[in-house]
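Engineer: Sequence:
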Amino acid sequence: MLTTAILFTSLAGSAYAHVAAFAPGMFCRGGNNPAVNDQDTNIAVNPLYNLPFSQWWMQADRGCNLAPPPAGEYLNLPAGGAFTVELAVNQAFTTLSWGGSRTTAWPDGGNHPDDWHGPDVGEGCLSDNPGGEGGALHTHNETTAAGTAWAISYEADIANVRLDNLVVFTTLEHTPFRRLATYQVPKDLPPCPPGGCYCAWLWVPKGCGEPNMYMQNYKCQVTGSTSTKRVSTPKPPVYCGDDSSKCVKGAKQMIAWHQLDGNNIVTAPGVFPGYNPTTGYTVGAQNDIFQ
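If you use mature numbering (1 follows the signal peptide of the UniProt record, and there is no 0), the sequence shown corresponds to residues -17 to -1, 1 to 274, in order.
Heads up, a few of these hints could be off.
Mimicking BS3-like on lysine-lysine, the simulated pairs with C-alpha atoms at most 25 Å apart in a straight line are [as the list claims (entries may be wrong)]: (1) Lys232 / Lys189; (2) Lys170 / Lys212; (3) Lys218 / Lys170; (4) Lys232 / Lys170; (5) Lys170 / Lys189; (6) Lys229 / Lys189; (7) Lys229 / Lys218; (8) Lys189 / Lys218; (9) Lys189 / Lys212.
Just the calculated beta-carbon pair ranges, DEER-fashion [to be verified]: (10) Asn94 / Ser228: 21 to 31 Å; (11) Asp103 / Ser210: 21 to 31 Å; (12) Gly114 / Arg145: 16 to 26 Å; (13) Pro17 / Lys232: 16 to 26 Å; (14) Asn94 / Gly233: 40 to 50 Å; (15) Asn59 / Ser228: 31 to 41 Å; (16) Gln274 / Asp111: 20 to 30 Å; (17) Gly253 / Gly207: 22 to 32 Å; (18) Val249 / Pro177: 36 to 46 Å.
Just so you know, the hints here were simulated from the structure itself, not pulled from any lab data. Predicted model only: the values in this text are computed from it and were never measured. Virtual Cβ for every residue (Gly too), placed ideally from N, Cα, C.
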């Protein structure tokens, strides 16, 4: 009992710097060794920064590309509906571990005020508060959270997934911030091929830490779809700020940024692209991605 208490205190009190999405269908669930179920794993959580393409793509730097979910397990995407995942700093603080006994409304398993925010001085990050909690969220408050996204590729074999066939299909503003996050699915998203699709959870924080990015692997399946539409070939995104006329219209690739190679977007110093209108991504389901 004492050992369990010490472990939980250690996990909850650590100064985490990162967040990932936890749900069925994820790669590296329980760690990067499919033979071992580590319920306290955070290996999928670490960000991607200044890495060669061969390492950042699909989290190959930690072997997550080689740790798929069990056969037949998918993240279900209901066409025209919504799906919910858990954003957390460690699998321990989700319902995928310990029967959900360590979950709260927050990604770190802690308890925070509903209007949790950083101080109104300097950059004002959550981690600038006494105690330094909240650094994982890279934000001042919920409103300033940069937004997260999901992309889909209609390639059942992940070896065939590329930037030019991986299309962002939904975004969620003001995330990551709370544990539960619900994303909208375009109604015209077509069914996946036999063996399912590849999906990626995506995030580029806006300040409050290292200028990194996130790409997390999933096997996914579009459910309830009778659509015969096809997804367009995505274009690289462009940072457009407040001038929407400069934004890329239609299907867009994920943001590949601040890596040694493989980047598809460049910004001025201090400018952060994100899965939001400043980089051409509308809020919610991306209904303009079809041919």
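Engineer: Are the Cα atoms of Lys232 and Lys170 separated by 25 Å or less?
Structural biologist: Answer holds: Lys232 to Lys170 is near 19 Å, not above 25 Å.
Engineer: How does the Cβ-Cβ distance of Gly253 and Gly207 compare with 22 to 32 Å: does it lie in that range?
Structural biologist: violated, 43 Å
Engineer: Is Lys189 within 25 Å of Lys218, Cα to Cα?
Structural biologist: It holds: about 22 Å lies between the C-alpha atoms, which stays within 25 Å.
Engineer: Between the alpha carbons of Lys218 and Lys170, is the straight-line distance 25 Å or under?
Structural biologist: OK: Lys218 and Lys170 at ~21 Å, within 25 Å.
Engineer: Between the alpha carbons of Lys229 and Lys189, is the straight-line distance 25 Å or under?
Structural biologist: holds, 20 Å
Engineer: Is 21 to 31 Å a correct range for the gap between the Cβ atoms of Asn94 and Ser228?
Structural biologist: Between Asn94 and Ser228, where Cβ atoms are some 45 Å apart, the hint is violated.
Engineer: That 40 to 50 Å hint for Asn94 and Gly233 (C-beta), does it hold up?
Structural biologist: This hint holds: roughly 43 Å between Cβ atoms.
Engineer: Would the pair Lys189 and Lys212 pass a check requiring their Cα atoms to be no farther apart than 25 Å?
Structural biologist: violated, 34 Å
Engineer: Need the status of pair Lys170, Lys189: alpha-carbon distance at most 25 Å?
Structural biologist: With a Cα-Cα distance of about 30 Å, the restraint between Lys170 and Lys189 is violated, given a limit of 25 Å.
Engineer: For the pair Asp103 and Ser210, does the Cβ-Cβ distance stay inside 21 to 31 Å?
Structural biologist: violated, 47 Å
Engineer: May I ask you to test the hint 16 to 26 Å on the CB atoms belonging to Gly114 and Arg145?
Structural biologist: violated, 43 Å
Engineer: Mind checking the hinted window 16 to 26 Å against the Cβ distance between Pro17 and Lys232?
Structural biologist: The hint (16 to 26 Å, Cβ to Cβ) is violated, given that Pro17 and Lys232 are roughly 41 Å apart.
The structure is inconsistent with the numbered hints 5, 9, 10, 11, 12, 13, 16 and 17, although it conforms to all the rest.
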